[in-house]
Amino acid sequence: MKTVITSSDKSFINFGELKRYGSLFRYLSLRDVFVRYKQTRMGFAWSIVRPVVNILIFGALRFLVEKSNSFIDSFILVSTGIVFWQLLSTTITDVSNSLSANSNILTKVYFPKLLLPLSGILVCLVDFLIAFVIFFVLFLIFKGMPPWQIVFLPLVIIYGLVFCFSLGLISATASVKYRDIKFILPFLIQILFYASPVFLSSDFVLGLNMPEWFKVIYQANPLVFILNAFKYCFTGTFESFNMVYAASSVVFTLVMLFISIKYFFNFEKSFADYI
Amino acid sequence: MSQVAIKVEKISKKYRILHKQKNSNDSLLSAFAGGLKNMFKAEGGQTEEEFWALRDISFEVNHGDRVGIIGRNGAGKSTLLKILSRIVKPSSGRIEYYGRMASLLEVGTGFHGDLTGRENIYLNGSILGMSKKEIDSQFDEIVAFSEVEQFLDTPVKRYSSGMYVRLAFAVAAHLNPEILIVDEVLAVGDSAFQKKCLGKMNEISRSQGKTILFVSHNLAAIQNLCNKAFVLNKGTIGFPLSDTSSCIKHYLSEVVNISRTAISDRSDRMGEGMFRFTNVIMKDAAGAVMHSAQCGMDVTFEFHFKLTKEQLTNFSMAMTVYTDEGKEMFTLSNAISGYSIDVLSGNNVLQCKVKKFPLADGSYICNLIAYKDGIIQDYLQEALLLNVEEGDFYGTGRALPQDHKECFLVENKWSLS
Chain E
19 MKTVITSSDK SFINFGELKR YGSLFRYLSL RDVFVRYKQT RMGFAWSIVR PVVNILIFGA
79 LRFLVEKSNS FIDSFILVST GIVFWQLLST TITDVSNSLS ANSNILTKVY FPKLLLPLSG
139 ILVCLVDFLI AFVIFFVLFL IFKGMPPWQI VFLPLVIIYG LVFCFSLGLI SATASVKYRD
199 IKFILPFLIQ ILFYASPVFL SSDFVLGLNM PEWFKVIYQA NPLVFILNAF KYCFTGTFES
259 FNMVYAASSV VFTLVMLFIS IKYFFNFEKS FADYI
Chain P
200 MSQVAIKVEK ISKKYRILHK QKNSNDSLLS AFAGGLKNMF KAEGGQTEEE FWALRDISFE
260 VNHGDRVGII GRNGAGKSTL LKILSRIVKP SSGRIEYYGR MASLLEVGTG FHGDLTGREN
320 IYLNGSILGM SKKEIDSQFD EIVAFSEVEQ FLDTPVKRYS SGMYVRLAFA VAAHLNPEIL
380 IVDEVLAVGD SAFQKKCLGK MNEISRSQGK TILFVSHNLA AIQNLCNKAF VLNKGTIGFP
440 LSDTSSCIKH YLSEVVNISR TAISDRSDRM GEGMFRFTNV IMKDAAGAVM HSAQCGMDVT
500 FEFHFKLTKE QLTNFSMAMT VYTDEGKEMF TLSNAISGYS IDVLSGNNVL QCKVKKFPLA
560 DGSYICNLIA YKDGIIQDYL QEALLLNVEE GDFYGTGRAL PQDHKECFLV ENKWSLS
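So the sequences go chain by chain: E and P. Numbering follows this note's numbering, with no gaps: position 46 of the first sequence is 64. Numbering follows this note's numbering, with no gaps: position 194 of the second sequence is 393.
Mixed in with the good hints there might be a few duds.
Straight-line C-alpha distance at most 27 angstroms; calculated DSS-like pairs for lysine-lysine [claimed, not checked]:
1. E:K20 / P:K331
2. E:K287 / E:K37
3. E:K37 / P:K331
4. E:K195 / E:K280
5. P:K526 / E:K20
6. E:K280 / P:K288
7. P:K394 / P:K448
8. P:K448 / E:K56
9. E:K20 / P:K332
10. P:K213 / E:K20
11. P:K213 / E:K37
12. P:K482 / P:K448
13. P:K209 / E:K20
14. P:K288 / E:K200
15. P:K399 / P:K433
16. E:K195 / P:K213
17. E:K37 / P:K448
18. P:K399 / P:K356
19. P:K356 / E:K56
20. P:K554 / E:K287
21. P:K526 / P:K552
22. E:K200 / E:K287
23. E:K195 / P:K288
24. E:K287 / P:K288
25. P:K448 / P:K433
26. E:K287 / P:K356
27. P:K209 / P:K448
28. P:K433 / P:K395
29. P:K206 / E:K287
30. E:K20 / P:K482
31. P:K554 / P:K482
32. P:K427 / E:K20
33. P:K433 / E:K287
34. E:K280 / P:K213
Just so you know, these hints were derived from the structure itself, not from any lab.
Bound-form chain P, shown alone (with noise of 0.2 angstroms):
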C-alpha cells in the first residue's frame, strides 16, 4: 500500500501578536481611564506584529506510514497538528487526507470530574468521535485496558491522578480512525503505563495498517514507533520526511549545534530580559575551569549574567539536564533546594556545586531559566551540552564495566551481617 493517505501543501499559519504599548496606571483613576480609552480606540495603543507559526510546510504521508514530527520547542509541531485536525484554519495552503481521522491532543479531553468513570468512557469517547455502537462494543476492553474496574462508578475526580489518565488513554487507545494523529501524551502516567500505552500504539498501528501522526519529546519513543519522520524548525521544515534513524540523528546534530553557541551570543530567548545568562562555567573542587564533568567529581557550576536594574529582588533561577533523548535527569534549582537569594547585584556571581557528580558518561542538554518574583525574566533551551566523561565513582580505581547500561550512579556501601 503506498496510496497517499495524507498531502500537505505549502501550509502557513500565522498570528498576530499586539503589544501593549506601555502606559503606566499609577492610580486606580488613571487605569479606569485607560480603559475606557480603549474601549473607543479600536485596537489602540497597540503594535502589531505577525508571527508565523508555521511557513510553506509541505509534505506527503502513505498509507500505513507511522511518521514521528520532531522539534523543540515553539517550532510549530502543534500548531501543524492542531491545523490537521481541523481544530485551526491554516492562513494559506492546502491539505488533503483520505478516511476518517481522530486526534489525540491531550489525553482526557472533555473528561468531567463529577461524572463517573463509565460515564466519562461514554462522554470522551464521543468527544473523540466514536458513536455509541461503537463504544458499546468496545466497553470491557477499554475497562480492562484502563484497570479501574472497582471504581467504574465513582466520579473521577476522586481518582488518583494515574487512574485518571489510565482511564482516559484506554479510552482513547480503542479508537478507530484510519488516521491518527497523536501529541506528546504518552507523556503522563507512571512509566509502566506509558509501556503499555506504546505498547498499544505498536500494536494499532503494526497489526491494522494504520495511519500516524506521532509528536513527541520521547526521541527514543519516536525511534520505536514511527518508520519515518521529519524535523520541524521554527516553523519550517528542518528536515525533510525520511528514515527515523537519519532524521533523528541530523536533529541531534543540530542541537549540538545549538549548544555550541556561545550562550551570549543566542538570541532565541523567552521572558521578560532584566536578567541574562552570558555565561556557564564549570569549575573542579581546587577552581580549576573543566569543559567536561567527569562522574564522581565535585563539579561547581558558575553562572555569569547580566542586569538591566543595579540590582533584583526575589530571584530564582534553575538548570535542568536532560539526555540527548529529552529524558530529564535532574534540575538544579535554588529554590528547591531551599536557598532563596533576596537581593541579586550585578556584580554576583552564581554558583552551585554538585558533589560527586551522578551522571554516568555521556552527553547532556541543559536548559537554563531565571525568574523574578515567579516570572520568567531569562529562558534558553539546549542553553549548554554537558559532556560527562567516565570517573572513579567509587573510588575504587576502576571504571565502570564496558556495557553498561546505567545513566545515574549512586553511592552504596555493602556489608554482610
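One chain only, chain E, in its complex shape (with noise of 0.2 angstroms):
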C-alpha cells in the first residue's frame, strides 16, 4: 500500500477510508452518548426534562396566542413541534462544535475528520427518540391512531437531519478559525426557533396582518417546510403547503450540503494549523 503526502494533496469524501475507520465512528459516538449525561443524579432522564419544559411553557404560550385551540390541543400541537425542534436545534450545535471539542485528538493523529461532525449526529438521535418514545405514547393516549402519513416520519427526519447537518459543518469549519461563531450560533438558533413553525402554526402566522414580502421571508424558510411536513406525518393536513417553497426548501438544503462538504474539505487538511 502506497501513499503519498504533497502539499497539493486535495481530499473529498473517501468513502473507503471512511469504512476502514468505521469503529472509530462507533466509539466517538459511544463515547458522546456515555459522556453526555455522566455524573448527573438523572441521567437519560434529562433528554425528556429538557423538551417537557418547554412543551410547557410554550404550549402556554401557544394557548394565549392562538386562542383557537382547546388547552390540552395546544401541548400536544406544541409537543410535536418541540420535539423534532429539539432534535434539529441540538444537531446544529452539536455538529457545529465538533470539530474544536475535539481539537486534541485533531492535533495528534490522522483520521477522515468527517467523523467528528458525523459522530455528533448521534447523540441527538438518541436523545431524540427517547423524548419521542414518550411523546408517541402521550399522542396515542390523547389522539389516537396518527394517520397513515406517518411513514413519511423516517424521510422527514433523515430531511432535517441533512439540513441542520450541513448548516453545522459549515459553522463548525467557520469555527476552526473564527471562534466568533461560538458566539453567533445560539443566537442563530434562538431566531431560527422563533423564525419557524415551532409553537406557532405557520397558519396562525401567515393569517397575521403583515406586510406580503414578510410573508414571503418567512416561508422562504427551509425549515418552515421542516417542521410542517413533521407535523404532516401526526396531523395528515400539511399546514401552509406551497409547492414553490416546497421545492425551494430542498433545492437549497441540497445545495448547501454541497458547498458544506466543499468548504469542509477545503480547509481539512489545514485544521490542525488553525485550531
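Make the complex out of the two chains shown on their own, each in a separate frame, by following the hints.
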C-alpha cells in the first residue's frame, strides 16, 4: 500500500477510508452518548426534562396567543414542534462544536475528520428517540392512532438532519479559524426558533396582518417546510403547503449540503494548523 | 530487506506569524473600539512574518530501520512528525511511504476522563487506527501490560497519573502498523515503566522488523533503540542519516560549540526581553573566578544581566542543569527555594550559592530562564557548558573509584550501634 503526501493534496469524501474507520465512528459516537449525562443524578432523564419544560412553557404561550385551540390541544400541538426542534437545534449545535471540542485528537492523530461531525449526530438522535417515545405514547393516549402519513416520518427526519448537518458543518469549519461562531450560533438558533413554526403554527403566522414581503421571507425559511412536514406525519394535513417553497427548501438544502462538504474538505488539511 | 519504506523529498513547512501592532488599550472603551476596527479591517494593524519550521528536508528510510531524530527544542522535529503522520500539510515537497502507518505523538490521545479504563482502551485504540477485531484479540495483553486489571471499570479520571499513563501506553504498544512514528512519549511515567516501554518498543522493532521513527531528548534511549539517526537543526538537516553513534557524537559536539558562545553574543533567545542574561560566572568560596566546578566544593554562580528598564518587579529566574544526554539533574530557582525578588535593579548582581557541589565529574549543560510576573523574559537553551572536575567530596583525601557510575554524591555518615 503506497501513500503519497504532497502540498497540493486535496481531499474529498473517501468512502473506502470512512469504512475502514468504521469502528472509530462507533466509539466516538458511543463516547458522546456515554459522556453526555455522566455524573448527573438523573442521567438520560434529562433528555426528557428539557423538551417537557419547553412544551409546558410554549404550550401555555400558544394557548394564550392562538386562542382557537383547546387547552390540551395546545400542548399536544406544541409538543410535535418542540420534540423535533430539539433534535434539529441540538444537531446544529453539536455538529458545529464537534471540531473544536475534539481539537486534542485533531492535532495528534490522522483520521478522516468528517467522522467528528458525523458522530455528533448520533447523540442527538439518541436523545430524540427517548423523548420521541414518550411523546408518541402521549399522542396515542390523547389523539389515538396517527394517520397513514406517519410512513413519511423517517424521510422527514433524515431530511431535517441533512439540513442541520450542512448548517452545522459550515459553522464547524468556520469556527476552526473564527471562534466568533461560538457566540453567533446561539443567536442564530434562537432566531430560527422564532422564525420557524415550532410553537406557533405557520397558518397562524401567515394569517396575521403583515406585509406580503415579510410572508415571503418567512416561508423562504427551509425549516418552515421541514417542521410542517413533521407535523404532517401526525395530523395528515400539510399546513400552508406551497409547491414553490417546498421545492426551494429541498433545493436549498441540497445546495447547502454540497457547499458545506466542499468547504469542509477545502480546509480539512489545515485544521491542525489553525485550531 | 532494503526496500524503501519512507521517501521524503524536499519537505518544507512555512508558518505565518502575525505580529499585532501595539495599540495601547488604556481604557475599556478604546479596547472595544479597537476590536470593532479589527472586525472591519481584514488582518489590519498586523505585520506578517514568515517562519520556516522546516526547509527542504529530504531523506529515505528503509524497511526495518529504526531511525532516531535528534535536535534541540524548536528544531522542527515535531513538525516533521506531524507532516509524516498527515496531521498537518507540508507547504511544499513530497512524501511517499509504503504500508500502514501509525503515529504516537502523545500517549492517551482522546482518553476521556469520564469513561472507564475498558471503554478508553477501545476508544483510544480506534483513534490510533485499530479495528475492533484487533483490539478484541489483544485486549487481555493490553490489560496485563498496563497492570490496572482491578480498575478496569473505574473512570480513568480516578486513576493516579501513573496508572493513566500505563494504560495509555499499553494501548499504543499493541498497535501493529508497518511504520510507527513515536514522539517523546516515553518521557512519562516512572522509570521502571519507562524501561518496560523501551523494552517493548525494542521487541516490536527487532523481532517484527518494523520501521520506526523516534524522537526523543533522551539520547540514551535513541542510542538504545535506533540503528540510524539524523540531526535536525533550525528546520534543516544538520547531520544526514547515518549510524546512531556518529550522529549523537556530532550532535553533542554541536551542543558544546553552542554553549561555548558567549551568552551576550547569543541571538537565539526567547521571551519578552525586558531582562537579558549577559554572563554567568562561577566563583569559589574565596570569591576567585573558576572555569570549572569541582565536586564537593562550595560554588557560587553569579548571573550578570542587563535590563531595558531601571527596575523589574516580581522577578524570578532559574538555571537548570542537564547531563549531555538530556537528563535533568537539578534546578536552581529562587522562586522554588523561597527567595523572592520583589525589585531588581540594574546595579544588582544575582548570586546563588551551592554548598558542596554534588555532581560527579563530567560535563553538563545549563539552560537559563528569567520571568517577570510569571511571563518569560529571557530563555536560553544550552546557555553554558558546566565542566565538573573530580573533587574530594567526602573529605577522605581520596577520589572516587575509577569505575564509579553515579552522577550524584550524597553526604553520609556511618556508624555501628
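Within a Cα-Cα threshold of 27 angstroms, do K37 of chain E and K331 of chain P meet the stated pairing?
-> It holds: about 13 angstroms lies between the C-alpha atoms, which stays within 27 angstroms.
Quick one, are K356 of chain P and K56 of chain E close enough, alpha carbons at most 27 angstroms?
-> 12 angstroms, holds
Within 27 angstroms, alpha carbon to alpha carbon, are K427 of chain P and K20 of chain E?
-> Measuring from Cα to Cα gives roughly 23 angstroms; hence the hint holds.
Straight-line Cα separation of K399 of chain P and K356 of chain P no greater than 27 angstroms?
-> 26 angstroms, holds
Would you mind confirming whether the straight-line C-alpha gap from K399 of chain P to K433 of chain P stays at or under 27 angstroms?
-> 32 angstroms, violated
For the pair we were handed, K433 of chain P and K395 of chain P, check the Cα-Cα distance against 27 angstroms.
-> Given that 27 angstroms is the threshold and the Cα spacing comes to 33 angstroms, the pair is violated.
Take a quick look at whether K37 of chain E and K448 of chain P sit within 27 angstroms of each other, Cα to Cα.
-> 47 angstroms, violated
Is K195 of chain E close enough to K288 of chain P, meaning Cα to Cα at most 27 angstroms?
-> Between K195 of chain E and K288 of chain P the Cα gap is close to 16 angstroms, so the pair holds against 27 angstroms.
K20 of chain E paired with K482 of chain P [C-alpha distance capped at 27 angstroms] = 61 angstroms, violated
K482 of chain P and K448 of chain P: Cα distance at most 27 angstroms?
-> Answer violated: K482 of chain P to K448 of chain P is near 31 angstroms, above 27 angstroms.
Could you grab the alpha-carbon distance between K280 of chain E and K288 of chain P and see if it respects the 27 angstroms cut-off?
-> 18 angstroms, holds
Could you grab the alpha-carbon distance between K448 of chain P and K56 of chain E and see if it respects the 27 angstroms cut-off?
-> 53 angstroms, violated
The structure fails hints 5, 8, 11, 12, 15, 17, 20, 26, 28 and 30 (numbered hints given earlier, in ascending order).
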